[in-house]
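Participant: Letter by letter, the chains look like this.
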Amino acid sequence: MDSKFLKMDLFGIPWLTVNIPNLILTTVAMAIVFFVSYFMSRKIRMYPTGAQNALEYLVQFIKNIISSTMDWKQGKNFVMLGITIILYVFVANMMGVPFELATADHEVWWNSPTSNPVLTISLAAFIIILTHIYGWKLKGPKEYGKDYFRPAFFMAPFKVVEDFSNTLTLGMRLYANIFAKEMIMVMLVGLGATTGIFWAFAAFLPLVVFQAFSVFIGSLQAFIFCMLTMVYMSHKVSEEH
Amino acid sequence: MFDIYEIEWVNALYQIAAFGVLLWLLKKFAFGPIMDMMEKREQHVADQIASAEKNRKDAEKYLAEQREAIQAARQEAKEIVENSKTMSDQQASDVLANARKEADRMKQSAVAEINTEKEQAISALREQVSTLSVLVATKVIEKELDEKEQEKLIQDTLKEVGEDL
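Chains as they are written, first to last, in numbering that gives the first Met the number 0: chain A, 0 to 240; chain B, 0 to 164.
Keep in mind the hints are simulated off the structure, nothing from the lab.
Note that CB positions come from ideal geometry on N, CA and C, so glycine has one too.
Please note that a few of the clues may not be correct.
[What the hints assert, rightly or not] Restraint ranges, calculated between C-beta atoms of paired labels, are given here:
#, chain 1, residue 1, chain 2, residue 2, range
1, B, Ala16, A, Asn63, 54 to 62 Å
2, B, Val44, A, Val159, 42 to 50 Å
3, A, Val214, B, Lys53, 48 to 56 Å
4, A, Lys75, B, Glu64, 44 to 52 Å
5, A, Lys75, B, Glu67, 24 to 32 Å
6, B, Lys53, A, Ala155, 53 to 61 Å
7, A, Ala155, B, Gln47, 51 to 59 Å
[Stated by the list, open to error] List time: in silico DSBU-like cross-link candidates among lysine-lysine, alpha-carbon distance up to 30 Å:
#, chain 1, residue 1, chain 2, residue 2
8, A, Lys62, B, Lys27
9, A, Lys62, A, Lys42
10, B, Lys39, A, Lys72
11, B, Lys53, B, Lys39
12, A, Lys75, B, Lys27
13, B, Lys26, A, Lys138
14, B, Lys26, A, Lys42
15, B, Lys60, B, Lys77
16, A, Lys62, B, Lys138
17, B, Lys39, A, Lys42
[Stated by the list, open to error] Counterexamples of contact, computed for chain A against chain B with all Cβ distances above 12 Å:
#, residue
18, Ala28
19, Glu55
20, Gln73
21, Lys75
22, Tyr87
23, Glu106
24, Leu137
25, Lys145
26, Val160
27, Asp162
28, Ile183
29, Leu204
30, Pro205
31, Ser218
32, His234
Extracted from the complex, chain A is given alone in its bound form:
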């Protein structure tokens, strides 16, 4: 079960490691997101039909998530961010559901890119940094700085720790869910594929059930990731009442 990835050091620099399958997989996930959205939004009309309805429903869904965490005055900046996050994470989660590709010596070439902790934690860090940038931009440096000492001055260290813990939990939650899903799926498939005809049939039904569950987990994690992004964002950009 020890999955390996084809890795190489870029330009021979030891700390500049590139995980080539993951590089391809993130690109594929983003390409899927872009092309599906692109082709769904070709015919935009005043009276929406078909695909346009679906995309408008998604926009409305993200707007509802944002409205539930912060004022629309600040929230209107984050609609596009929310849409991109939920679509990208959802597609990345789904990529490992139908199949996985690996070479005979367990070198993985196709799975969910979100089952890699580096990618999820870097995405989470990116989002936490964005919350700081927007907090600075929308509230002004003074209010932003004062926020560290609210509600009491001794809260400042906790606020700093909070940023790191938020990054970690946001990234690790997604990674752990998807990684566990992939693991169990690989085990079920491995059971069916390697231990003979009886187990192949015996593993089929649980595999189907688990794939349905994976779809559920993937959607839920995408939603949670987007929701928490907006929650952390609202902590930084909302005015104190």
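For this one, chain A is given, so just place chain B on it according to the hints.
Facilitator: Just chain B now, with coordinates in the frame of chain A:
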């Protein structure tokens, strides 16, 4: 377990950069136009509601105006009927009065005519009486009656004639 050299920094940076590009692309080609259209639709709906509200108010105003106009017309009709009624009453009484006056006038003229006729008749009779008295006188003379009888005859005749008048 976590070797610092094992962390794939390039992947992380690549993903974040690609994420930014994806966000921009989605905004430019997919969700930007859709959100514009949603905004436009919202505006459209708001406009429609506002104009419907305005139309309703206008309609109410027109209705009130119409109602007022109908009321005025009804009032006017009532006045006209009333006027014509009083006018016809007036005319009827005028006609009646005229007729009465005419009748009076005719009656008076008739009375006057009758009086004139009567006068004429009396004068004509007087003439006849004188003629008759001459005739009677002639007859008396012819019969050669005595004076006493003659006198009596004249008196009787005169009385007779005079009583008739």
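Participant: Each hint needs a verdict: does it hold in this structure or not?
Facilitator: Cross-check of the supplied hints:
1. In this structure the hint that Ala16 (chain B) and Asn63 (chain A) lie 54 to 62 Å apart at CB is violated, the actual value being about 30 Å.
2. With their beta carbons about 47 Å apart, Val44 (chain B) and Val159 (chain A) fall inside the hinted range of 42 to 50 Å.
3. Between Val214 (chain A) and Lys53 (chain B) the C-beta distance comes to about 50 Å, which sits within the given range of 48 to 56 Å.
4. The hinted window of 44 to 52 Å between Lys75 (chain A) and Glu64 (chain B) holds, with their beta carbons roughly 45 Å apart.
5. Here the CB-CB span from Lys75 (chain A) to Glu67 (chain B) is close to 50 Å, at odds with the stated 24 to 32 Å.
6. The beta-carbon spacing between Lys53 (chain B) and Ala155 (chain A), approximately 57 Å, falls within the hinted interval of 53 to 61 Å.
7. Against the hinted window of 51 to 59 Å, the Cβ-Cβ separation of Ala155 (chain A) and Gln47 (chain B) comes to about 53 Å, which satisfies the hint.
8. A hinted pair counts as satisfied when its Cα atoms are at most 30 Å apart, and Lys62 (chain A) with Lys27 (chain B) qualifies at roughly 18 Å.
9. Of the pairs offered as hints, the one joining Lys62 (chain A) and Lys42 (chain A) holds, with about 22 Å between alpha carbons and a cut-off of 30 Å not exceeded.
10. Simply put, Lys39 (chain B) and Lys72 (chain A) have alpha-carbon atoms about 19 Å apart, close enough for the 30 Å limit, and the pair holds.
11. The suggested pairing of Lys53 (chain B) with Lys39 (chain B) holds, with an alpha-carbon distance near 21 Å, which does not exceed 30 Å.
12. The straight-line distance between the Cα atoms of Lys75 (chain A) and Lys27 (chain B) is roughly 16 Å, inside the 30 Å bound, and the hint therefore holds.
13. Restraint check for Lys26 (chain B) and Lys138 (chain A): satisfied, since their Cα atoms lie roughly 25 Å apart, inside the 30 Å limit.
14. A hinted pair counts as satisfied when its Cα atoms are at most 30 Å apart, and Lys26 (chain B) with Lys42 (chain A) qualifies at roughly 16 Å.
15. Distance check on the hinted pair: Lys60 (chain B) and Lys77 (chain B) sit about 26 Å apart at the alpha-carbon level, within 30 Å; holds.
16. At most 30 Å may separate the alpha-carbon atoms for a hinted pair to count; Lys62 (chain A) and Lys138 (chain B) exceed this at roughly 153 Å.
17. Our distance criterion of 30 Å between C-alpha atoms is met by Lys39 (chain B) and Lys42 (chain A), whose separation comes to about 15 Å.
18. For Ala28 (chain A), the condition that its CB be more than 12 Å from all CB atoms of chain B is violated, with the nearest at approximately 9 Å.
19. Not every CB of chain B lies more than 12 Å from the CB of Glu55 (chain A), the least distance being 6 Å, so the non-interface label is violated.
20. With a least beta-carbon separation of about 17 Å from chain B, Gln73 (chain A) lies farther than 12 Å from that chain, consistent with its non-interface assignment.
21. With a minimum CB-CB distance of about 10 Å to chain B, Lys75 (chain A) fails to clear the 12 Å threshold, and the non-interface call is violated.
22. Under the 12 Å C-beta cut-off, the non-interface status given to Tyr87 (chain A) relative to chain B is violated; the minimum distance is some 7 Å.
23. No beta-carbon of chain B is positioned within 12 Å of the beta-carbon of Glu106 (chain A); the least distance is around 15 Å.
24. Interface exclusion of Leu137 (chain A) from chain B stands, the closest Cβ pair being 18 Å apart, more than 12 Å.
25. Annotated as non-interface, Lys145 (chain A) keeps its C-beta farther than 12 Å from every C-beta of chain B; the closest such distance is 29 Å.
26. Every beta carbon of chain B lies more than 12 Å from that of Val160 (chain A), the smallest distance being close to 20 Å; the non-interface claim holds.
27. The claim that Asp162 (chain A) is not at the interface with chain B holds, since no C-beta of that chain comes within 12 Å of its own (minimum 17 Å).
28. Every beta carbon of chain B lies more than 12 Å from that of Ile183 (chain A), the smallest distance being close to 21 Å; the non-interface claim holds.
29. Leu204 (chain A), annotated as away from the interface, keeps every beta carbon of chain B farther than 12 Å; the closest lies near 36 Å.
30. Interface exclusion of Pro205 (chain A) from chain B stands, the closest Cβ pair being 30 Å apart, more than 12 Å.
31. The claim that Ser218 (chain A) is not at the interface with chain B holds, since no C-beta of that chain comes within 12 Å of its own (minimum 19 Å).
32. Residue-level check passed: His234 (chain A) sits 21 Å from the nearest beta carbon of chain B, beyond 12 Å.
Comparing the model with each earlier hint shows violations of hints 1, 5, 16, 18, 19, 21, 22; every other hint is respected.
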